[in-house]
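Asker: The listed protein sequences correspond, in order, to chains D and G. For the first sequence, the working numbering assigns the number 1 to the initial residue and increments by one for each residue that follows. For the second sequence, the working numbering assigns the number 1001 to the initial residue and increments by one for each residue that follows.
Hints are not guaranteed to be accurate.
Non-contacting residues of chain D with respect to chain G, defined by C-beta distances greater than 10 Å in every case (computed) [unchecked claim]: (1) R127; (2) A149; (3) L186; (4) I292; (5) E317; (6) V318; (7) A341.
Below, simulated EDC-like cross-link-like pairs (lysine to aspartate or glutamate); rule was C-alpha separation at most 20 Å, straight line [to be verified]: (8) D/K152 with G/E1036; (9) D/K344 with D/E5; (10) G/K1244 with G/E1036; (11) D/K152 with G/E1300.
Chain D side only, calculated, beta carbon under 8 Å to chain G, not exhaustive [what the hints assert, rightly or not]: (12) A136; (13) I273; (14) H315; (15) I330.
By construction, these hints were calculated from the structure, which means they are not laboratory data. All residues carry an ideal CB built from backbone N, CA and C; glycine is no exception.
Below are the chains, spelled out letter by letter.
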Amino acid sequence: MIYRETGQFKTTYASDQQLFPILQDRAFVIGFLAFAFGVMPFIASEYMFRAILVPFLILSLAALGLNILVGYCGQVSLGTGGFMAVGAYAAYNLAVRMPDLNLLVIFLLAGACATLVGVLFGIPSLRIKGFYLAVATLAAQFFIDWLFARVKWFTNDAPSGSVSAPPLAMFGYPIESPAQKYLFVLAIVVAFALIARNLVRGAIGRSWMATRDMDVAAEVIGIRPLAAKLTAFAVSSFFVGIAGALWAFVYLGSWEPLAFDVNRSFQLLFMVIIGGLGSILGSFLGAAFIVILPLVLNQLPTAMGIPLSTAAISHIEVMVFGALIVFFLIVEPRGLARLWAIGKEKLRLWPFPH
Amino acid sequence: MNPATTRNLTIAFFVLLVGGAISPLLGSALLPQWIEVVLGGLMTGVLYSLVAIGLVLIFKASGVFNFAQGAMVLFAALSLVRLMEKMPFALALIATLAIMVALAFVIERLVLRPLVNQEGIVLFMATLGVAYFLDGFGQTLWGSEIYTLNVGMPKEPKILLESVFEGGILVNMEDVIAAVIAAILVAALALFFQKTATGRALRAVADDHQAAQSVGIPLNRIWVIVWSVAGLVALVAGVIWGSKLGVQFSLSQVALKALPVVILGGFTSIPGAIVGGLIIGLGEKLSEVYLGPFFGGGIENWFAYVLALVFLLFRPEGLFGERHIDRV
């Protein structure tokens, strides 16, 4: 009874085309954002910021980028970790070599570097698809890993191979406390989610989806596959690159190439599959799921009084992830986002069954 | 790009590769070392081929690109090594084989059957899930330390051709035995595929699922058989690798190299898997030893993938694969 759009008439094109056409959705999103910006910084504990909120937000951004490529354009990538690394190391080099640059500019430029690399490795997608492309992106992953581990210039000749981000500051204000970091990341992620949401419902997003659904038909109706695929790679790696820079600068602080290895790529792919392919909301749900699940698995055995070693827990975690992937692919290929949509549909009819 | 250009490019590529491989020969004092590197590379290649054969088998019979082959290698090796603590080798081997067959049943029933008729990429992601599950399950069940697998292979290297070269050439007997076992396995598989009724059924399924089904070949049973055979291949690879490197988690990672191998050799060709494995093993070692010093080493990690990437651009069907044209 509460969630029903009856009586909400649209009298202008603008109101028909707005992001959230249903009043209740709009109210919910605005309320949620107000809570995230206004209340969360005061009530969350430091552990909450460090272990859950900040990694969740940054990985959501990366998952969002990957979802644009995999979910919207249908090009599977196993090189996401590598593109994150490009963003992280580009940001590091910019920050070290040009210390006067504004932090936001650094992040945007880092995203641009990742875009270049992403497009470069996206070129094979014009000739190959499916798992051939997966292997091609895997090549990107391993090559980039090696590049940052072995070519000293990228790490500014750091002897141990591990590099540290300079202290973060914006317009003279330092970003130090967990709450400040959280707000900084939140603002960026919200801005990019908005951009993504608008991209995928515009002409460019439609060309991606047409390419995904049937490339030949898309070409016939006048979509250039070259442009569609390469823009998907470009936008996706831009998002992923910025997420990589944030991951390195805000979450890790100091890092080595191992932080962006092939397992990170798989983890992000899992987020996208579990969250929902081709859904902005799904990227967030998937990221939340995969960030929180290990924490729950860590707490659960002790809470239930079963003593388990950390090694055993990490193995069980891997196992649960694998089983969940298969489960979701079989039972709900469109992921958590689909469950959410079904829930909303049910809510519209409630309390009636039909 | 027309076929002639592609062919010429492929030939040019191999001339370059062979040229690069032979070039150290010019200084003849380096010859023994060069032969050792080549042999070492070929032996690594044999191991890659073993994993790749498992991949190709499953791809041919069910169109599934099995990412979990590496995890199966690790799982088989772990099972074997832990069972050997409790029983003699032969018994443990049989028990592990039984486990792999049971695994094939479970995968067919729980993963493949519900996903029948799905797109290839969905199945690929499903096997990615299976790979993770197996990695976690194997280590939960059998433990995650590094186990040494001793199946009685000679460990000492032999020095050959001492009369020809100064110092002779070091050859690892273990590697030679591994290569022989691999050759026997491939021959047995070829016989199985060509001469038995089941093998014919497998090839029929590979050609056309629906046609095979309509002449009465039970698809589900064929899949179980093919995954069991892949399990057997994984077990052999696991034994050889396990005794060479120790049974540990990295086995499953090294097996990722089988992906570029099948791209190089072609998805549907067992000879392709073998040749691809040899080329990648050889190229990787040669480039590491002779080019590595100029780039700071570690080329081994990406050489195979980048080679596959280059190959994809010029000859996507691989060396021996069926030409398959798709609009992209």
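Asker: Against each hint, give a clear statement of whether it holds in the structure.
Answerer: We went through each hint and held it up to the structure:
{"no.": "1", "hint": "R127", "result": "6 Å, violated"}
{"no.": "2", "hint": "A149", "result": "7 Å, violated"}
{"no.": "3", "hint": "L186", "result": "30 Å, holds"}
{"no.": "4", "hint": "I292", "result": "18 Å, holds"}
{"no.": "5", "hint": "E317", "result": "7 Å, violated"}
{"no.": "6", "hint": "V318", "result": "3 Å, violated"}
{"no.": "7", "hint": "A341", "result": "20 Å, holds"}
{"no.": "8", "hint": "D/K152 with G/E1036", "result": "31 Å, violated"}
{"no.": "9", "hint": "D/K344 with D/E5", "result": "12 Å, holds"}
{"no.": "10", "hint": "G/K1244 with G/E1036", "result": "17 Å, holds"}
{"no.": "11", "hint": "D/K152 with G/E1300", "result": "18 Å, holds"}
{"no.": "12", "hint": "A136", "result": "5 Å, holds"}
{"no.": "13", "hint": "I273", "result": "6 Å, holds"}
{"no.": "14", "hint": "H315", "result": "4 Å, holds"}
{"no.": "15", "hint": "I330", "result": "4 Å, holds"}
When the structure is compared with the earlier hints, violations turn up for hints 1, 2, 5, 6 and 8 and for no others.
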